[in-house]
Amino acid sequence: MALLEVKNLGISFGGLRAVNSFEISIEKEELYGLIGPNGAGKTTVFNLLTGVYQPDAGKIILDGTDITGRKTTEINRAGIARTFQNIRLFKQMSVLDNVKVGLHNKHPYSTIEGILRLPGYRKVEREMDEQAMELLKVFDLEKYAQTTASNLPYGQQRRLEIARAMATEPKLLLLDEPAAGMNPNETGELMDMIRFVREKFHVTVLLIEHDMKLVSGICERLTVLNFGEVLCQGATSDVLNDPQVITAYLGE
Amino acid sequence: MSFISYLINGLSLGSVYAIIALGYTMVYGIAKMLNFAHGDVIMIGAYVAFIGMSQAGVSPVIAVAAAIIVCTLLGIVIERVAYKPLRNASSSLAVLITAIGVSYLLQNTALLVFGANTQTFPSVVSWGGITLADGAMNISGVTIVTIVVCLVIMAVLITFVQKSKPGQAMRAVSEDKGAAQLMGINVNATIALTFAIGSALAAVAGVLLCSAYPSLTPYTGAMPGIKAFVAAVFGGIGSIPGAFIGGLLLGVIEILGRAYTMSQLADALVFAVLIIVLLVKPTGLLGKKIQEKV
Amino acid sequence: MSEMQKKMSRNTKSNLITYGMVAAAFLIMQSLISMDRISYLVEGLMVPVCVYVIMAVSLNLVVGVLGELSLGHAGFMCVGAFTSAFFSKCMSDVITVAPLRFFLALLIGIASAAVFGLLIGIPVLRLKGDYLAIVTLAFGEIIKNLVNVLFIGKDSDGFHFSTEGAMSLNLKDDGMVILSGPQGITGTPRDSSFFVGFILIMVALFIVTNLINSRDGRAIMSIRDNRIAAESVGINVTKYKLMAFTISAAMAGAAGVLYSHNLSTLIATTNNFGYNQSIMILVFVVLGGIGNIRGSVIAAVVLTLLPEMLRGLSNYRMLIYAIVLIVMMLFNWAPKAIEWRERHFSFLKKKKEAVR
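Protein chains in written order, with our numbering: chain C, 1 to 252; chain Y, 1001 to 1294; chain D, 2001 to 2356.
Simulated from the structure, these hints should not be mistaken for lab results.
From the three backbone atoms N, C-alpha and C, an ideal C-beta is built for every residue, glycine too.
With the Cβ distance kept under 8 Å, some of the chain D side facing chain C (calculated, not the full set):
id: 1; residue: LEU2211
id: 2; residue: ASP2216
id: 3; residue: ARG2218
id: 4; residue: SER2222
id: 5; residue: GLU2231
id: 6; residue: SER2232
id: 7; residue: ILE2235
Please build the complete structure, drawing on both the sequences and the hints.
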């Protein structure tokens, strides 16, 4: 059974049909790309999948559970984590603390334990520190652990967002233009990182990207979105050679 | 009979709230900030008119004109010095706290300049008003003038915003600052104009308020200012007709509340209205819903 | 690992400096008082100073850590002051051991303020920014107004309530009026002291600093920094907003208890429990540095003592506060000012990061 099954998903904003009968089916541990011209509704799909917007039609099924209409927080707990097109870090907090916020739900202790510094607090905090540092190592950020997030260089900020999302131990990771603003060198590193994360954490990845080198380099299958509707779906090489897709990208 | 006269008094007070609320709602619509100091501009306007009439002995018309000019300049200066530098600040709390600071600055400057004593404001309207139902009911001149002035201001302002070039620029800026700039609209000038108009209206409101309720102190503007903000939220912040309707309703609620419940609780009642509106319909009666961009 | 330990010790060290500073200040003042080296005027200010320090620290939890502006903080202080004074006056003959009575009054004041915080927080925290500020202001004013119209008396039949006046309570001869509308509560036992105030400050600091450096504190700060991102990693935004707001209200309640048990007559006015007081506390928080707990303590102490010591300045006090507020905000938040600071004072940056 597919990990993510989306059926007939749709939403309108003030008469404009932003996404219409969107369907997608992603297998476990697949690396899947969502592409399309600017304004095609890609980020809106992400916002629908993560409960930022409530769909007015359709169903979202994650690993056999219907998560349609749930709130963002609950959807994350059900197993979807994401990054944002315009980076959203906890700017005034340290890099380490950003990841530790991601670890929040998986490593609980009570408020009283926290305020009184009881043994439970010390033990869980130590676990969190270790796990956070391990994640930072994966993304080559361990030397920045105590840096304030807003002081990180741009490329590292993008990576930190992925690390924070991975801290929630998701089944499905949504990456919204992870390579935006990166130079070819950084993009190459990022591709390796995404592959490595998938192997190590057995996570399924759905990503939005404009960088065709990245898309053709790591995505196994693609869905092309145009004017809020699915234009074409299938194996990466087939989709990229589809004449319809070429027209959509290059214009009439 | 008393109910009708309460109602008319309520409409009159509501007209003052509506005029003040216009200043809030226009500024909020364009600069997306709550100008906490707006209420205190009212007080400054009232003091200018008061000094003009009581000390300089000029006619009410000139005194009101002086108040309008002073407040307009004050509004422009406040925007330029205190708010504009914070327009792109990373925290929205920054400009709000600054506005609170400006409010305190105006109050305490007035305290030093004019003293803490309550001044008796001479009404700018000398007409005694009309008597109805064989003397059973008297509607004062101030009451009638206030309502009429409010209606005129509303009509002029709606026409201005809909029809004139600067008015259209104001609408464009409130929709999308960036796009307006690209279209060649001078955003800074438009925001300054909005503050100027709002502050000029505040002067008018101050004179009318003090003509009806003649005691003037440095704190006179604070409470009506906050209540007018409630009115603006009630009607739907950013909406000019909303400010009008919200102001009138709030004035009537307050006067009826004062008359039929405990007068000490009238303020609490006004605030309760705000809380209920925000919980039931946060966009107010005529406001638009804004979707957060993710 | 070494990185983390460094950070741990840095936080602990910073907290220890704050505690040490407060303790040292207390010991110095206390010994000066016992040696009679300090005027009655200043001695009388010690409890109010403690009240304002607790208020500033608790408001900083909402403004600096949660990132929301509350303009009704004095309202929670009002709730704590009146409920506890009410209790103490009722019980002044029943419980004669003053420390025990004060301790119970403290619990009651804290609990009632916390309940109010929770009840107000549930609807209010759905709102954002300006709206939240104005609604908290509204609630603060409503609380103050309600206290001013309420009359409560007690006789052998139990409690009597009225909103008309003390006469309409219809008390028997053995009865007494406890809360008398605008006249407030008179005859509260004066159980507060500088020492009690000092202990309460230490407890407040302990709770706030430890909360900030815990899992819950990180969740609260993540909401401040980016609500949408916080939700996306599974943070329950409503829960943590309420937590910060309620803890803050409870602390303001404690400050209220301290305040009311320092006065023989307790009345609710704009200056002690109204909007003006809330703004005053906000000035302390802004001046001490938003989010900087130690700064709040220092600002509250200095701004309470200074104007009283320099009596000549008292007319200009509020004016100066207003200017300080504006200048501080412009200097700290205006993008141009930040740019200018970074260009000319970048060497200070390291130092700034170490503070929390």
